[in-house]
Amino acid sequence: MADDEQDPKEYRWETGYEKTWEAIKEDEDGLVEGLVAQFAQKAARKTIAQKRGPVRLGMMRHLLVAVDCSEAMNSQDLKPSRFICTLKLLEKFVEEFFDQNPLSQLSIIAMKNKRAEKITELSGNVRKHIKSVQGLTNMALTGEPSLQNTLELAGRVLRPLPGHASRELLVLFASLTSCDPGDINTSIQALKTDGIRCSVIGLAAEVRICKKLCQDTGGEYNVVLDDVHYRSLLLEHTSPPPRARSLDAGLVKMGFPHSAPPTTQSDASANADPPITVCMCHLEEGEGVGGEGHFCPQCRSKYCSLPAQCRTCGLTLASAPHLARSYHHLFPVEPYEEIPNDGQAQYCFGCLRSFTDLDKQIYQCKRCHSHYCWECEGVVGTTLHVCPGCASRPHLYQRLPDAS
Amino acid sequence: MSESSSKSKSLNLNPAPTLQCKDLHEYLKSRSPQFLETLYNYPTICLAVYRELPELARHFVIRLLFVEQPVPQAVVTSWVSQTYAREQSKACEALSELSVWQEAPIPGGMPGWMLSQSFKKNLKVALLGGGRAWSMSMSLEPDGRARDVSFLDAYALERWECVLHYMVGSAQTEGISADAVRILLHAGLMTRDAEDGSAVITRAGFQFLLLSTAKQVWLFLQHYLQTAERRSLSAAECLAFLYQLSFSTLGKDYSTEGMSNNMLVFLQHLREFGLVYQRKRKAGRFYPTRLALNIANVRGDGGPEFSLQGAGAPSGYIIVETNYRVYAYTQTTLQVALLGLFTELVYRFPNLVVGVVTRESVRQALRGGITADQILHYLHQHAHPQMLKSETGGIRSTSLLPPTVVDQIRLWEDERNRFTYTEGVVYNQFLSQADFVVLRDYAKQQGVLTWQSERARTMVVTRASHDDVKKFWKRYSKTS
Amino acid sequence: MADDEQPSDSSLLVIIVDTNPNQRYITEDPKVLTGCLDAVIAFANSHLMQKSRNQLAVIGCHFHKSEYLYPSPGKPLDVRQIDGQYELFTLVEKTIKMRLVNLVKSQPLDEKPGESLLAGALAMALCFIARMRREATPGLKTSSRILIVTGSSDTAAQYINYMNVFFTAQKQQVLIDVCSLDKHLSLLQQGCDITGGLYLKVPSLEGLLQYLLWVFLPEASERTKLVLPGRGRVDYRAACFCHRELLTIGYVCSVCLSVFCKFSPICTTCHTVFKIGGPLPIKPKKKRMKV
Chain S
1 MADDEQDPKE YRWETGYEKT WEAIKEDEDG LVEGLVAQFA QKAARKTIAQ
51 KRGPVRLGMM RHLLVAVDCS EAMNSQDLKP SRFICTLKLL EKFVEEFFDQ
101 NPLSQLSIIA MKNKRAEKIT ELSGNVRKHI KSVQGLTNMA LTGEPSLQNT
151 LELAGRVLRP LPGHASRELL VLFASLTSCD PGDINTSIQA LKTDGIRCSV
201 IGLAAEVRIC KKLCQDTGGE YNVVLDDVHY RSLLLEHTSP PPRARSLDAG
251 LVKMGFPHSA PPTTQSDASA NADPPITVCM CHLEEGEGVG GEGHFCPQCR
301 SKYCSLPAQC RTCGLTLASA PHLARSYHHL FPVEPYEEIP NDGQAQYCFG
351 CLRSFTDLDK QIYQCKRCHS HYCWECEGVV GTTLHVCPGC ASRPHLYQRL
401 PDAS
Chain U
1 MSESSSKSKS LNLNPAPTLQ CKDLHEYLKS RSPQFLETLY NYPTICLAVY
51 RELPELARHF VIRLLFVEQP VPQAVVTSWV SQTYAREQSK ACEALSELSV
101 WQEAPIPGGM PGWMLSQSFK KNLKVALLGG GRAWSMSMSL EPDGRARDVS
151 FLDAYALERW ECVLHYMVGS AQTEGISADA VRILLHAGLM TRDAEDGSAV
201 ITRAGFQFLL LSTAKQVWLF LQHYLQTAER RSLSAAECLA FLYQLSFSTL
251 GKDYSTEGMS NNMLVFLQHL REFGLVYQRK RKAGRFYPTR LALNIANVRG
301 DGGPEFSLQG AGAPSGYIIV ETNYRVYAYT QTTLQVALLG LFTELVYRFP
351 NLVVGVVTRE SVRQALRGGI TADQILHYLH QHAHPQMLKS ETGGIRSTSL
401 LPPTVVDQIR LWEDERNRFT YTEGVVYNQF LSQADFVVLR DYAKQQGVLT
451 WQSERARTMV VTRASHDDVK KFWKRYSKTS
Chain V
1 MADDEQPSDS SLLVIIVDTN PNQRYITEDP KVLTGCLDAV IAFANSHLMQ
51 KSRNQLAVIG CHFHKSEYLY PSPGKPLDVR QIDGQYELFT LVEKTIKMRL
101 VNLVKSQPLD EKPGESLLAG ALAMALCFIA RMRREATPGL KTSSRILIVT
151 GSSDTAAQYI NYMNVFFTAQ KQQVLIDVCS LDKHLSLLQQ GCDITGGLYL
201 KVPSLEGLLQ YLLWVFLPEA SERTKLVLPG RGRVDYRAAC FCHRELLTIG
251 YVCSVCLSVF CKFSPICTTC HTVFKIGGPL PIKPKKKRMK V
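Chains as they are written, first to last, in full-length UniProt numbering: chain S, 1 to 404; chain U, 1 to 480; chain V, 1 to 291.
A few of these clues could be false.
As the list claims (entries may be wrong) - For lysine-lysine, the following PhoX-like pairs were computed, each having C-alpha atoms within a straight-line distance of at most 20 Å:
| hint | chain 1 | residue 1 | chain 2 | residue 2 |
| --- | --- | --- | --- | --- |
| 1 | V | Lys-51 | U | Lys-22 |
| 2 | U | Lys-124 | V | Lys-94 |
| 3 | V | Lys-51 | U | Lys-124 |
Calculated from the structure, these hints are not laboratory results.
All chains, please: the whole structure from these sequences, using the hints.
In structure tokens, the structure reads:
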């Protein structure tokens, strides 16, 4: 764990004076256009480059998001206010989180009045989370937050989870103070021994105890600059973190419901009228009677949406695409090679764009040797995860997992 | 008691003549079915009409295109889901209005629809091929002095601005032909000055200047076609040629061979307005420009102008800030002059003009007959690409222009429209308070009371209800 | 899913035509391909006819590679109007036919045709759509969709590629439509379901153009208004990594999410050693809450 003193560029004023303008040089014709385009490409690529992480990831995540609901959230340095901005971004975060980690679970905690309250239970229901996030808008922001109480609550929720699940806490912290009942260091130690990874995004300024918390538990600590930065920091937490050492691996029994009840099964009632079924997710609201649904293959309870955990027998229910969503983490595309543009190709293989003088660098796939423009390289690396060239060549399209 | 219809009508004291800009659909709607029938002999027109149809109507046509016998109306209805029945009937109406299809009985007595024969035939030609080529360009030798797209754009812009400059009366340009002036006068965009007979711009003319270029061209050509018939040009032929131009490829040359004398005259006119480029009058070939290509794109309903884009042509150039400042990256005096219509210009640089939208400047524009909508539309349509991109913290704003500015300009307009005028009849000089109350309450009950004053025993009811209220009064005064 | 009800200003259609010579309808009668191609070209032109700003790309998917048939890279063909057809439509037709001949000619003679690699063609289509989005005029509303016309069958070998492509399409709000000329395609049907597109298996090749125009011509915002074939049921069961069999209950590795039909002590995909003692016990949720 890096100490403060070991990082030489801790503060902006300690770094050398950056002569940014010296990087700009005119080309033979006295133009800077090409160079500017190159800068833009570099800036766009910087974010992509960092993402190529380790392959073993904690895929089944259990994440608690603690939202500061104290007076400090009233401040208007983020527009329209810290709190509203946070909620708006949180909505996006929840969607993106379940898009990236379909089998994971999330819970939202509110920190207010020296207490930590659970807003939503740990679950994988996207709509429920978003609805409760939207419901928070009118909450009165009062008192001081308590970091320790939040940590204690997180410990209580996450500790009983099975060993193969990753346990994470993300705190969105606006206050510069914390009102704690006891010694917070013991709480931090307890979380550390349980392997709970804590990350904090500060909305105001750096706070030492937050930094210590993140360092000790292996999380990340960042302070936002503005709303755009906030958004990118928050969304960084949607990609699964490297798997912690302490996690056990295990095989999880899982059910893949067929949308229709399988006809091969000769139930006594199968031939009669369709039985009246009640959707288990809407049991409390008294809705969801009849209609289509997914049936748990073990106990035949009905669910209207997947993924879900069967309330009757506890089986995790998912469909094949949910698993497939994470496969790109396991079988990533090999990064393309950056080569200088010497007219090897006239146009990009992916998007058919003709290369111009502004494309100083082009990209080549090491396997299929097709050439790509920098934009397609970005698309393939970040979202597509399929090399168009390889996938349309008969010898290359199958990407078998590497043995290493 | 006496009654007098004192308040008289005139719904609006300063009726701003808003400029009517019909699109192709409305233009054709106002023509006779015979005229349409002749038009549908041109594949180009069929193609243009097809694109102008409502989206559902387009699908009806494409589904009927390969059917030879009439199709029951009930079947056509069943294609659209119940919730969109309104749109469906609108689509059917549009198809009937333009005589794209006619009612045809089906054996068995059910009413059916059948596409107009010539429309069907020529749309098929345009889509799948066959028939005669539109022009004799196959045999054209390659042009030794071919013109590229950016040249054509610059040429078109220069020619068209020449017309606009003439309208605002700037002295820096050469004049335009007598024909063009006649069209401007006919369209009511300019008028002869009473004293010296010179042409001066009208209110409608100012509104014309604020339209998008594509709309200006289309409006201008509409009036051209109206005057064309007087000059023994066939409107149908001209329209077909115009749409032929709009479906040609930018940067390609086309042959004038085989064109009638009338059409050659028409071509020369289009050349003057910058719709086509010809090196020489007798060059034997011409290049359509972007102005011509955009005729088919007039439908744009107030979105930013995408039409005149490409190298050399200006895209959006105006940035509006929340502090009412307007920055216009432009060099042309015309655009500066237009901006000056409703802003107070503050600074002027070689490529940038800075102005402020003030109450005074906007009111001056309003007094000139320009509406708030037109100002906002102009700002919106010429918005700088940066304004289109602007995004704040992941929360995208709905409007392009700062809402403060939009609201304020509208408020300034409303300031001038504090009066609403309603026709009515005054009832006064009631003999007793009781009479007044009875009649007032009756009028209130009927929902026709416009105004009343208990102290003055005066009330005003709407004109339409006058007879009814009078009858009631007669009955009432008899019984009491 | 594309759920914006707003009509778009322009719509981009990418058509992927499977030209693999080992499709059954081609091996039975090679002439049918020309008929199908004509139908696809007429359909493509009908799409361009809808709105003046509509855009088109056509990708030919052969067994040895996929290639853009339209637009052609570099300068477009120099086409002159030969008959009453709109010049642009003539250009589309000529370009597609010429480039298809080149594609077929370039096939290696010593190789036996394998399966059609539609996932690769889909990836190209998504790159193209991403580019058109980047280059679009800001403020212009565009909707994009992909239509696959194929007579091949789909195999699990391309599963991961397919899935990655489907999720990307879903994220970018691109509809994937599938028009199957021969067999039922369960994988591609999943793609349609995930992205909100339509799946249709045409009963006969006779009226292919009519099927295309009726079902696939309306764009996303128009589809809700028209009565079109329904989605139908989609089989979403997972196949195990060991035997490629469809499962209703299986075991999933907690590290890499590989699916197995039986318990094994080591994951064959990521080589993680599992804790001995059988699969993790499943605790019903309610009990866990009380702990």
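Here's how the hints hold up against the structure:
With a C-alpha separation of about 19 Å, the suggested pair Lys-51 (chain V) and Lys-22 (chain U) falls inside the 20 Å cut-off, and the hint holds. The suggested pairing of Lys-124 (chain U) with Lys-94 (chain V) holds, with an alpha-carbon distance near 18 Å, which does not exceed 20 Å. Restraint check: the Cα-Cα separation between Lys-51 (chain V) and Lys-124 (chain U) comes to about 17 Å, which is no more than 20 Å; the hinted pair holds.
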